[in-house]
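2 protein chains.
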Amino acid sequence: MILQGKRTWVYPKPPVIIATGTVVGPDEGQGPLASEFDLVHPDLEIGQPSWEKSERALLEQASDIALQHAKLSKDKLNFFVGGDLMNQIISNSFAARTLGAPYIGVFGACSTSMESLAIASLIVSSGAGEYVMAGTCSHNCTAEKQFRYPTEYGSQKPPTAQYTVTGAGTSIVAREGQGPVITAATIGKIMDLGIKDPFNMGAAMAPAAVDTIQGHLQDTGREPGYYDLIVTGDLAGVGHPIASEMLRRNGVQMDQTKFLDCGLMIYDVENQKVQAGGSGCACSAVVTYGHLLKRIHKGELRRILVVATGALLSPLSYQQGETIPCVAHAVAIEASNSEKQGDAAP
Amino acid sequence: MILQGKRTWVYPKPPVIIATGTVVGPDEGQGPLASEFDLVHPDLEIGQPSWEKSERALLEQASDIALQHAKLSKDKLNFFVGGDLMNQIISNSFAARTLGAPYIGVFGACSTSMESLAIASLIVSSGAGEYVMAGTCSHNCTAEKQFRYPTEYGSQKPPTAQYTVTGAGTSIVAREGQGPVITAATIGKIMDLGIKDPFNMGAAMAPAAVDTIQGHLQDTGREPGYYDLIVTGDLAGVGHPIASEMLRRNGVQMDQTKFLDCGLMIYDVENQKVQAGGSGCACSAVVTYGHLLKRIHKGELRRILVVATGALLSPLSYQQGETIPCVAHAVAIEASNSEKQGDAAP
Numbered sequence: 002m003i004l005q006g007k008r009t010w011v012y013p014k015p016p017v018i019i020a021t022g023t024v025v026g027p028d029e030g031q032g033p034l035a036s037e038f039d040l041v042h043p044d045l046e047i048g049q050p051s052w053e054k055s056e057r058a059l060l061e062q063a064s065d066i067a068l069q070h071a072k073l074s075k076d077k078l079n080f081f082v083g084g085d086l087m088n089q090i091i092s093n094s095f096a097a098r099t100l101g102a103p104y105i106g107v108f109g110a111c112s113t114s115m116e117s118l119a120i121a122s123l124i125v126s127s128g129a130g131e132y133v134m135a136g137t138c139s140h141n142c143t144a145e146k147q148f149r150y151p152t153e154y155g156s157q158k159p160p161t162a163q164y165t166v167t168g169a170g171t172s173i174v175a176r177e178g179q180g181p182v183i184t185a186a187t188i189g190k191i192m193d194l195g196i197k198d199p200f201n202m203g204a205a206m207a208p209a210a211v212d213t214i215q216g217h218l219q220d221t222g223r224e225p226g227y228y229d230l231i232v233t234g235d236l237a238g239v240g241h242p243i244a245s246e247m248l249r250r251n252g253v254q255m256d257q258t259k260f261l262d263c264g265l266m267i268y269d270v271e272n273q274k275v276q277a278g279g280s281g282c283a284c285s286a287v288v289t290y291g292h293l294l295k296r297i298h299k300g301e302l303r304r305i306l307v308v309a310t311g312a313l314l315s316p317l318s319y320q321q322g323e324t325i326p327c328v329a330h331a332v333a334i335e336a337s338n339s340e341k342q343g344d345a346a347p
Numbered sequence: 002m003i004l005q006g007k008r009t010w011v012y013p014k015p016p017v018i019i020a021t022g023t024v025v026g027p028d029e030g031q032g033p034l035a036s037e038f039d040l041v042h043p044d045l046e047i048g049q050p051s052w053e054k055s056e057r058a059l060l061e062q063a064s065d066i067a068l069q070h071a072k073l074s075k076d077k078l079n080f081f082v083g084g085d086l087m088n089q090i091i092s093n094s095f096a097a098r099t100l101g102a103p104y105i106g107v108f109g110a111c112s113t114s115m116e117s118l119a120i121a122s123l124i125v126s127s128g129a130g131e132y133v134m135a136g137t138c139s140h141n142c143t144a145e146k147q148f149r150y151p152t153e154y155g156s157q158k159p160p161t162a163q164y165t166v167t168g169a170g171t172s173i174v175a176r177e178g179q180g181p182v183i184t185a186a187t188i189g190k191i192m193d194l195g196i197k198d199p200f201n202m203g204a205a206m207a208p209a210a211v212d213t214i215q216g217h218l219q220d221t222g223r224e225p226g227y228y229d230l231i232v233t234g235d236l237a238g239v240g241h242p243i244a245s246e247m248l249r250r251n252g253v254q255m256d257q258t259k260f261l262d263c264g265l266m267i268y269d270v271e272n273q274k275v276q277a278g279g280s281g282c283a284c285s286a287v288v289t290y291g292h293l294l295k296r297i298h299k300g301e302l303r304r305i306l307v308v309a310t311g312a313l314l315s316p317l318s319y320q321q322g323e324t325i326p327c328v329a330h331a332v333a334i335e336a337s338n339s340e341k342q343g344d345a346a347p
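Here the protein sequences line up with chains A and B, keeping their order. With the first sequence counted from 1, adding 1 to any position gets you the working numbering. With the second sequence counted from 1, adding 1 to any position gets you the working numbering.
A portion of the hints provided could be inaccurate.
A pair counts as met if it fits within one copy or between any two copies, since identical chains are not told apart.
Said to hold, decoys possible - In silico SDA-like links for lysine to any residue, alpha-carbon gap of 25 angstroms or less:
(1) K146 - Q320
(2) K72 - P50
(3) K14 - I3
(4) K146 - P316
(5) K77 - L4
(6) K7 - G101
(7) K274 - L40
(8) K158 - D44
(9) K146 - Q321
(10) K14 - R176
(11) K14 - L4
(12) K77 - T221
(13) K54 - D198
Since the hints were made in silico from the structure, they are not lab data.
Please build the complete structure, drawing on both the sequences and the hints.
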């Protein structure tokens, strides 16, 4: 039985992340993690005639890079699991057309990174696939255009807003191979405490992160200290302190130096004009696949829990006065024995 | 190993569909399958102040009905797997908030019905969940408003267009219990033969249905005659004959009396004003869960393959001149031994 507790999958034979691909745009290329990504574009256009095509190109490039890293031809992929913020997840559907792999479209807004990884891991772990790619992407200009205003308008934002990451992150999950392993995943419930402001999604998503972290610890019987790091997806400068405070009040003892947020890590939030920090499907994807897995490889981290958060609103739902339902999906990634000995492939 | 061939899951211990819920609107209530649905609404409003809330209500009702049929309280559900046509699949996300179950959002346009059922079955079959609900919904007025024009405008359509089904279908998949079983699923690849016309989605989707049917037969080594019926999702009057012809040219011997289409079954296409026939996420969901499973229960059918088709366009993608990528996911449903003996619960 893979199911442990109410909603956590503990994979009996942990699938391996044999390769990843990360591609980002210029703002991320000026952030503190710039050197960790496989490809940094100097501009937002990426040689494409529309922002939507730029976003798709990011994902296609990240897919190609992961396949190159894995030394795998794309016809070996059993499935591609992915989604994004665009209406009808067109970036992933069009990239899946290019890739040619059987396609499982998913949607969890910015939690899509870990939702797709959890499902890919379930497929591999259960013997339903040998090589499965999980991927997601976002682009600052497509997200602003669709959810708020085209960036060309130059409209202002409050400091609680977040800055959508331009990038794409993919991983290839396999039954065998070298790399960190996925030991568990916890699927989120919808949490909605009544926040309606799309410029304050960190606050809206914080309860979902807290609920999933507590659910994961309860289902697995683990203490927070089991993990070297617990990293939320993109709560950023407003949401992450709220999550910390909620966990404290709920009696969950977290070492604050081991509780980080991808939205705060990807930018120099003080000096880059990113309001409260990063967000977007690519945020937790590129920070996890680019930065955190490298730290596992270097032996700096052995066990991490990535808790990707998603705000499941649509422009229509908030125009109609609805509150913002949120979700968070968590995936536990651990160093494999080979990496613990420091002899894994890069 | 669940994986058979390239992209087909053959479930070692076939999960059981222990209950379903189907809710439809007035047009479907005037169609030939009206008596097969659990709840028929006499109007499109369903007591709600917006079309989006009406669509969500359909799904919430179909979820409640399935739980009642299964005599299961909602806290027993391990996961809810669902998606819909709305931007950011808001109908499912909001319904998942009401349901309270851990939520896996998926998107395959009108193929979502079988995508969600395939994933729910994988979860149950692999021991990653005991009770998993799969669900989807669509509403004629939300889909027209979002993809084309609000119905209030009264804009005309060509006869190749399809009519979005107003309805919702849910199923509860379990490890044990009485009901038909899910023996296999084949995940679709993106097929895109260059059609750009959103008023002719049947033609666009036909190659995806053909590819998945052939992939399924190849992976499983089965002949079309293994199934009492092979039913496409919603190719309707234009797409279904194209699929038949493509299969014939590819040398797949199909008995045309056993090759049907949900979009042609749900309406009296000749006499109801539905252009080429039905479409929408709910189309294959309510026809499968309402009508086809009842025929299995009655002993009229023993093995069916439901091939739900999806056109993965967005309004933006076709406005930008893109072609329509399409996908089809197939699920094989068979009578259980108890049903073969005619003693299953209704």
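Cross-check of the supplied hints:
1. K146 - Q320: both (15 angstroms within a copy, 15 angstroms between copies)
2. K72 - P50: Classified as neither; 31 angstroms inside a copy, 55 angstroms across copies.
3. K14 - I3: both (10 angstroms within a copy, 15 angstroms between copies)
4. K146 - P316: both (11 angstroms within a copy, 14 angstroms between copies)
5. K77 - L4: between (29 angstroms within a copy, 13 angstroms between copies)
6. K7 - G101: Classified as between; 12 angstroms across copies, 35 angstroms inside a copy.
7. K274 - L40: Result: close within a single copy only, 22 angstroms intra versus 53 angstroms inter.
8. K158 - D44: within (22 angstroms within a copy, 42 angstroms between copies)
9. K146 - Q321: Classified as both; 19 angstroms inside a copy, 15 angstroms across copies.
10. K14 - R176: both (8 angstroms within a copy, 21 angstroms between copies)
11. K14 - L4: both (13 angstroms within a copy, 16 angstroms between copies)
12. K77 - T221: Between. Shortest inter-copy distance 19 angstroms satisfies the 25 angstroms Cα cut-off; intra-copy 34 angstroms does not.
13. K54 - D198: Only across copies: K54 and D198 sit 20 angstroms apart there, 29 angstroms inside one copy, limit 25 angstroms.
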